[in-house]
Amino acid sequence: MTVRAVVGRIGFYVLIALITAFMAIPVLWLLFAPFDRTPSLSTSLPEWTWQNFTGLLANPYALTSLGNSVLLALGSMVLVTVLGALAAYALSRVRIPGRDGLLYALLLLSSIVTGTAAMVPIFLLMFELNLIDSQLGVVLVLSGGLLPAAIFILKDFMDGTPRSYEESARVFGAGPLQILRDIVLPVVRPGIATIAVWTVVNVWGNFLTPFILLRSPEKSPAAVVLYTFYTEGGQANLGLISAFSLLYSIPVVAMYVFVNRRYGFRFHGGIKR
Amino acid sequence: MALATSPPADLAPPRDVATDAAGLGRVRASAFVAPGLALVAIFLVFPALWTLYLGLTNYRLTGIAAARPKFVGLDNYATALGDQEFLNALWLTLLYVLGSAVIGQTILGFVLAWTMRTVHRTVRTVVESLVMLAWILPSSVVAFLWIAMLDRDSGTLNALLGTPGMAWLIDHPLLSIVVFNTWRGTAFSMLLFSAALGAVPPSQLETARMAGASGWQQLRDVVFPHIRGHILTNLLLISLWTFNDFSPYLITAGGPDNRSETLPIFVYQTAIFDGQLGFGTAISLLMLLINLVLAVVYLRLLRERRS
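In order, the protein sequence lines correspond to chains A and B. Residue numbering for the first sequence follows my numbering, beginning at 2 and increasing consecutively. Residue numbering for the second sequence follows my numbering, beginning at -10 and increasing consecutively.
Next up, chain A with everything else stripped away, as it sits in the complex (with noise of 0.2 Å):
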């Protein structure tokens, strides 16, 4: 090996450090303070504690909002997946007129109308249906806004069953609700699946919908309660602040390793699936 060739290696690897530590340096807080006696803002290896654990559950706002992401997170989730398959199933079997103008509108307006470039109009939509302060209002913008994309990506994932079940299973006379439950959906299910995890993990994480559409905190979700910690006056209690972080985080990777595990996280093609 040339000179050269030895400081470009070191070089490399000098490279790849600094950009693990910029990575890995932010996260180490939320694995640390939560176990820390005394947690400040700054990393420090913890001296070992589960009080702050024990502080959660007597927080009063800290348990309730994290059961109030579950009900959002699955409630959006049955919407998705339920309207989402049912759609994508008949417009990939059916011609219906003007279907892929359809499909390519609502992609397209799915990506433009965005929580926050549609933040206006929704909250005075909510305001007029009543559904200001109400979680299923909040579902329902949700799972609106998740739909269209849900619906491209199930459509082509019906689009790649073979034809000849059905017809096999119209022999014996099975009715579309029956085809669809006992053939599609089990031929379907890691399109399914896929949709549900994904639908799951952004509601999970989503904080301007609840937040402007939520106003009692025994309402709010486990994004919006976090945020009113570090932001309500007076001494940020970074125990519970630590504490509830990692609990709220610990289902999102969950589901990332799951997912992980069974299907693989790569892009195939270069568009994300």
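Simulated from the structure, these hints should not be mistaken for laboratory data. Predicted model only: the values in this text are computed from it and were never measured. From the three backbone atoms N, C-alpha and C, an ideal C-beta is built for every residue, glycine too. Keep in mind that the hints are not guaranteed to be accurate.
[What the hints assert, rightly or not] Think about it this way: if two alpha-carbon atoms lie no more than 25 Å apart in a straight line, the pair counts; the simulated SDA-like pairs of lysine to any residue are:
(1) Lys220/A to Ala197/A
(2) Lys220/A to Gly264/B
(3) Lys220/A to Lys59/B
(4) Lys220/A to Leu72/A
(5) Lys59/B to Leu87/B
(6) Lys220/A to Phe262/B
(7) Lys220/A to Ile31/B
(8) Lys220/A to Ala242/B
(9) Lys59/B to Glu129/A
(10) Lys59/B to Trp80/B
(11) Lys220/A to Arg10/A
(12) Lys220/A to Gly76/A
(13) Lys59/B to Leu226/B
(14) Lys59/B to Phe262/B
(15) Lys220/A to Ile261/B
(16) Lys59/B to Phe128/A
(17) Lys220/A to Leu132/A
(18) Lys220/A to Gln136/A
(19) Lys59/B to Val34/B
(20) Lys220/A to Asp263/B
(21) Lys220/A to Pro252/A
(22) Lys220/A to Gln258/B
(23) Lys59/B to Leu130/A
(24) Lys59/B to Leu75/A
(25) Lys220/A to Leu64/A
(26) Lys220/A to Ile125/B
(27) Lys220/A to Gly68/A
(28) Lys59/B to Leu125/A
(29) Lys59/B to Asn131/A
(30) Lys59/B to Arg49/B
[Said to hold, decoys possible] The following label-pair restraints were derived from C-beta to C-beta distances:
(31) Asp160/B to Ile251/A: 29 to 39 Å
(32) Val189/B to Leu16/A: 18 to 28 Å
(33) Val79/A to Leu208/B: 41 to 51 Å
(34) Arg248/B to Ala22/A: 23 to 33 Å
(35) Ser165/A to Ala242/B: 17 to 27 Å
Given chain A, work out where chain B should sit, using these hints.
Relative to the frame of chain A, chain B by itself:
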């Protein structure tokens, strides 16, 4: 000759009879599609169309203008284009997109995708997991991690750099959110570029290496021509997302003195916080238009690649 293979016209099935494999027929198919479309129509299409009208009124959340909004024509747009705070927000948003998406995430994502091909598997797993972790953690959590990191008195960054008392979030708010968003969003570019690099024929790289091309020359002459489409896709998508990103609000709330107030935060402050719904909607519509341009370019590109 193609005509001979298609069925004669009189054998074509009449309308309204199921012609599809599942025996759905158009009526039932429409019933399957309807609930989903209704939800999308009410909570996505309608709000978007409503902005067209609301932006032309002086609608407010409270007071006289709430009960009887007046039609004010293009006044809101005229006000916006002359409003210092709006122009400031627009400028900051452009810098934010340029700094964190176009420069930060794209370059870091590419460097990661390029370097991770040749390192040991363990290193790759560790680095990629960290990058993914930053992407999947909820934004309220990530925001607080960066508040802790950049804190003036006991932040980890000051301890590392030996700059005690440096108030990053107050002295350099825009830089802080740019670094934050780079950290948070690099995963997408990394994933997309590693998929793209996987499609570059190894034989071409090998040939270039044999011919004595340096690393940079290989990149410029072999890799970039292959992944140009991916770079464009990546740039458009992350620009769109970053442009609409509300998470800087969680760190700086737009402050101090609006120095990190990007458009989403400006809309929130104007419309929801101050209650100037008409004016806020006008700004939203301008945002929608910018989104529309980005999305149309992207979808055009996607269609061309598919066909």
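Status of the given 29 to 39 Å range, CB of Ile251/A versus CB of Asp160/B: 35 Å, holds
Within a Cα-Cα threshold of 25 Å, do Lys220/A and Ala242/B meet the stated pairing? Given that 25 Å is the threshold and the Cα spacing comes to 23 Å, the pair holds.
Going straight from one Cα to the other, do Lys220/A and Ala197/A come out at no more than 25 Å? The hint holds at about 23 Å.
With the threshold set at 25 Å, check whether the alpha-carbon distance from Lys59/B to Val34/B stays at or below it. 24 Å, holds
If you draw a straight line from the CA of Lys220/A to the CA of Leu72/A, is it 25 Å or shorter? 10 Å, holds
Using the beta carbons of Val79/A and Leu208/B, state whether their distance is inside 41 to 51 Å or not. For Leu208/B against Val79/A, whose Cβ atoms are near 47 Å apart, the range 41 to 51 Å holds.
Please verify whether Lys59/B and Phe262/B have alpha carbons no more than 25 Å apart. 21 Å, holds
Given the hinted pair Lys220/A and Arg10/A, is their alpha-carbon gap at most 25 Å? Distance ~55 Å between Lys220/A and Arg10/A Cα, so the pair is violated.
With a cut-off of 25 Å on the C-alpha distance, tell me whether Lys59/B and Trp80/B pass. With a Cα-Cα distance of about 30 Å, the restraint between Lys59/B and Trp80/B is violated, given a limit of 25 Å.
Restraint check for Lys59/B with Leu87/B, where alpha carbons must lie at most 25 Å apart: 38 Å, violated
Verify the proposed pairing of Lys59/B with Arg49/B, using a straight-line Cα cut of 25 Å. Answer holds: Lys59/B to Arg49/B is near 10 Å, not above 25 Å.
Is the hinted pair Lys59/B and Leu130/A satisfied, with a Cα-Cα distance of at most 25 Å? With Cα atoms ~21 Å apart, Lys59/B and Leu130/A stay inside 25 Å; holds.
This entry does not satisfy hints 3, 5, 10, 11, 13, 24, 35, going by the numbered hints stated previously.
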